[in-house]
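Novice: Read off the chains here:
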Amino acid sequence: MTTQLTPVLTKNWGTDNSWTLAAYQKQGGYTAIKKAFAMTPEAVVGEVKESGLRGRGGAGFPTGMKWSFVPQDNPNPKYLVVNGDESEPGTCKDIPLLMASPHTLLEGVIISSYAINAHMAFIYIRGEVVHPIRRMRQAVEEAYAAGLLGKNICGSGFDLDVIVQSGAGAYICGEETALLNSLEGLRGQPRLRPPFPAVAGLYQCPTVVNNVESIASVPSIIDNGAAWFASMGTEKSQGFTIYSLSGHVQRPGQYEAAFGITMRELLEMAGGIREGHELKFFTPGGSSTPLLTADHLDTVMDFESLAAVGTMLGTKAMQVFDETVSVVRTTLRWVEFYAHESCGKCTPCREGTYWLVQLLTRLEAGEGRKGDVDKLLALVDLIDSKSFCPLLGGAVACVSSAVEHFRKEFEVGYHTPAWEYLPYDRSALFPVAEEVDS
Amino acid sequence: MSDSAMEHDETEALPPTMIDQAVIKQLTALSKRYPHPRSALLPMLHLVQAVDGFISARGIEVCAEILGITQAQVSGVATFYTMYKRRPAGKHHIGVCTTALCAVMGGDALLETMEDKLGITDGETTSDGLFSLEKVECNAACDFAPVMMVNWEFMDNMTPQKAEQLIDDLRSGREVRSTRGPKLTSLADSEKVLAGFLDGQGNEGPSAGEPSLEGVRLAEKKKWTAPAPKKTPKAKGGKK
Numbered sequence: 265m266t267t268q269l270t271p272v273l274t275k276n277w278g279t280d281n282s283w284t285l286a287a288y289q290k291q292g293g294y295t296a297i298k299k300a301f302a303m304t305p306e307a308v309v310g311e312v313k314e315s316g317l318r319g320r321g322g323a324g325f326p327t328g329m330k331w332s333f334v335p336q337d338n339p340n341p342k343y344l345v346v347n348g349d350e351s352e353p354g355t356c357k358d359i360p361l362l363m364a365s366p367h368t369l370l371e372g373v374i375i376s377s378y379a380i381n382a383h384m385a386f387i388y389i390r391g392e393v394v395h396p397i398r399r400m401r402q403a404v405e406e407a408y409a410a411g412l413l414g415k416n417i418c419g420s421g422f423d424l425d426v427i428v429q430s431g432a433g434a435y436i437c438g439e440e441t442a443l444l445n446s447l448e449g450l451r452g453q454p455r456l457r458p459p460f461p462a463v464a465g466l467y468q469c470p471t472v473v474n475n476v477e478s479i480a481s482v483p484s485i486i487d488n489g490a491a492w493f494a495s496m497g498t499e500k501s502q503g504f505t506i507y508s509l510s511g512h513v514q515r516p517g518q519y520e521a522a523f524g525i526t527m528r529e530l531l532e533m534a535g536g537i538r539e540g541h542e543l544k545f546f547t548p549g550g551s552s553t554p555l556l557t558a559d560h561l562d563t564v565m566d567f568e569s570l571a572a573v574g575t576m577l578g579t580k581a582m583q584v585f586d587e588t589v590s591v592v593r594t595t596l597r598w599v600e601f602y603a604h605e606s607c608g609k610c611t612p613c614r615e616g617t618y619w620l621v622q623l624l625t626r627l628e629a630g631e632g633r634k635g636d637v638d639k640l641l642a643l644v645d646l647i648d649s650k651s652f653c654p655l656l657g658g659a660v661a662c663v664s665s666a667v668e669h670f671r672k673e674f675e676v677g678y679h680t681p682a683w684e685y686l687p688y689d690r691s692a693l694f695p696v697a698e699e700v701d702s
Numbered sequence: 012m013s014d015s016a017m018e019h020d021e022t023e024a025l026p027p028t029m030i031d032q033a034v035i036k037q038l039t040a041l042s043k044r045y046p047h048p049r050s051a052l053l054p055m056l057h058l059v060q061a062v063d064g065f066i067s068a069r070g071i072e073v074c075a076e077i078l079g080i081t082q083a084q085v086s087g088v089a090t091f092y093t094m095y096k097r098r099p100a101g102k103h104h105i106g107v108c109t110t111a112l113c114a115v116m117g118g119d120a121l122l123e124t125m126e127d128k129l130g131i132t133d134g135e136t137t138s139d140g141l142f143s144l145e146k147v148e149c150n151a152a153c154d155f156a157p158v159m160m161v162n163w164e165f166m167d168n169m170t171p172q173k174a175e176q177l178i179d180d181l182r183s184g185r186e187v188r189s190t191r192g193p194k195l196t197s198l199a200d201s202e203k204v205l206a207g208f209l210d211g212q213g214n215e216g217p218s219a220g221e222p223s224l225e226g227v228r229l230a231e232k233k234k235w236t237a238p239a240p241k242k243t244p245k246a247k248g249g250k251k
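In order, the protein sequence lines correspond to chains A and B. Residue numbers are given in the numbering used here: position 244 of the first sequence equals residue 508, and the series is strictly consecutive. Residue numbers are given in the numbering used here: position 44 of the second sequence equals residue 55, and the series is strictly consecutive.
Isolated chain A, as found in the complex (with noise of 0.2 Å):
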């Protein structure tokens, strides 16, 4: 194996108190604000342009390009705010960021906001997860008392204020317009774009809205600088990011890498699928993006390569499921998520995933008319972008690649339940006494 790890935000992840300020200055940290101090803001945001730095919460947006979209003549302030409401499934790296270096994260708050000029940033975190919003409180409220946050910051003259925000319990606001409605103190439901919140975002003011991830590569790229940053990864994907493998895999976990990885290098570190089963079909970037198969090991995983096979790096969370596993039974639990989470606002995806659960529940049971796989296609046709934002997408894309690559496993939905078809017991990591779901 030629490609290795390459762990900058992993690192310090397994060391003593790491969540603590003292062991992650004693590890070299707050030393990318001072370098970030010395420069002017628009330099900051040259360095971080300069780097290839990409979103790493699922679009893929060049981060540096973004903060130049704000408006600096705008008399009204700017905001910083970081999406840290991982819900999309499979996505688990900024959960543990938050959790075991706070401080990571901290420091690009401090210097992404120097660079944009915002004197008042929020890390928006998902509700279900107290401990890391604990941590994270507990980093911010060390800041202040360290001056590493509040009134001009280590003598620069640059002030900023933090808030750590509760979600609770709402996918779409990691939709960052629905993000900014729910800071508002509002239902969270996307809003239209144009305008797009680097204009008019927070209260109406110039807004950058940053996935945890990205935020927290910021200050290795001031310290080390761009060039060393865009030294790793390919040539459109720069840089490391954080894989996170789940399922049936030995090794589940988080694995930091320069993109040009593969999916067969991935699972080889995470020591291949589980004993005596083989790979049937994987998430590359959480259940939004389009299932492969083992035909696509061998593809690299950063953002031109997944997308020139017809889906998506997303936020690099692959769900691996090996052959015991019912791909109707799976696609039925993701729509169902997508229904639940759907706020309502669009008709086409209010209606339309609550009748992809009606046809996939009939399926499950065996009990699908002939045709129902062709209505189930026809009706992800109909709906398909027909909404403001992508939770849509993310819903009639994982129907749509699970038809095109397991057609006929549907078609059994005719006659055999799923649960007879592929016994679900198989797939559980622990005896199962009775039949579930039946």
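It is worth saying that the hints were derived from the structure and are not from the lab. Source: prediction; values computed, not measured. Zero decoy hints are in this set.
Cβ-to-Cβ under 8 Å is the rule here; a few derived chain A residues that face chain B:
{"hint": "1", "residue": "Thr274"}
{"hint": "2", "residue": "Gly354"}
{"hint": "3", "residue": "Pro360"}
{"hint": "4", "residue": "Gly391"}
{"hint": "5", "residue": "Glu405"}
{"hint": "6", "residue": "Gly433"}
{"hint": "7", "residue": "Gly452"}
{"hint": "8", "residue": "Tyr467"}
{"hint": "9", "residue": "Met496"}
{"hint": "10", "residue": "Phe504"}
{"hint": "11", "residue": "Met533"}
{"hint": "12", "residue": "His604"}
{"hint": "13", "residue": "Val696"}
Cβ coordinates follow ideal geometry from the N, Cα and C atoms, glycine included.
Mind docking chain B on chain A? Use the hints.
Specialist: Then chain B, alone, in the frame of chain A:
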């Protein structure tokens, strides 16, 4: 989206509110932290739930008064977010992840175990008020699947045996710790943290669970590192 509460008998008596002047003071203080007070609504509702165990009518009324918005506006927000409950949750809120990956790896069986053990289903609370049960959606811990949550603290890599033991221990008041966090106390205590209060438990638990460290451990073993920076880059574009 908070649909579970709808299934209950709406005529069932609700417990009296515990919101007093001290709580109103805390709620008011939350509203003053933000450039626009309404931004405090989510934390305020977490505090209401910490105090009353659910989003009470009095809680809605008080939030509306403090923020100068209508009760309908507050209710509209409270009913949108799944974490806010319209009927009292238990002292301990048990979540079982049944989104695709956890479900196939054992989450469905865990949910069934919990339903049998507690005698309640998704969205219900035991008659002694000790436990409530919820089918939760992906909780960002897929590398620890199958996952359960107690009071929104992680209980990783669960099995039916571990889950039953967990309930027995909580019921008998024995100490139970989150696999990646502090001692489990109550949903109310967790809700206070979500509302913005520090509880001094931040140093409890490990820095990370083992799966989070798989990559870093492998890199250590193989002596893999990120490339060393060429030289300390000179800060370009120094201040004028």
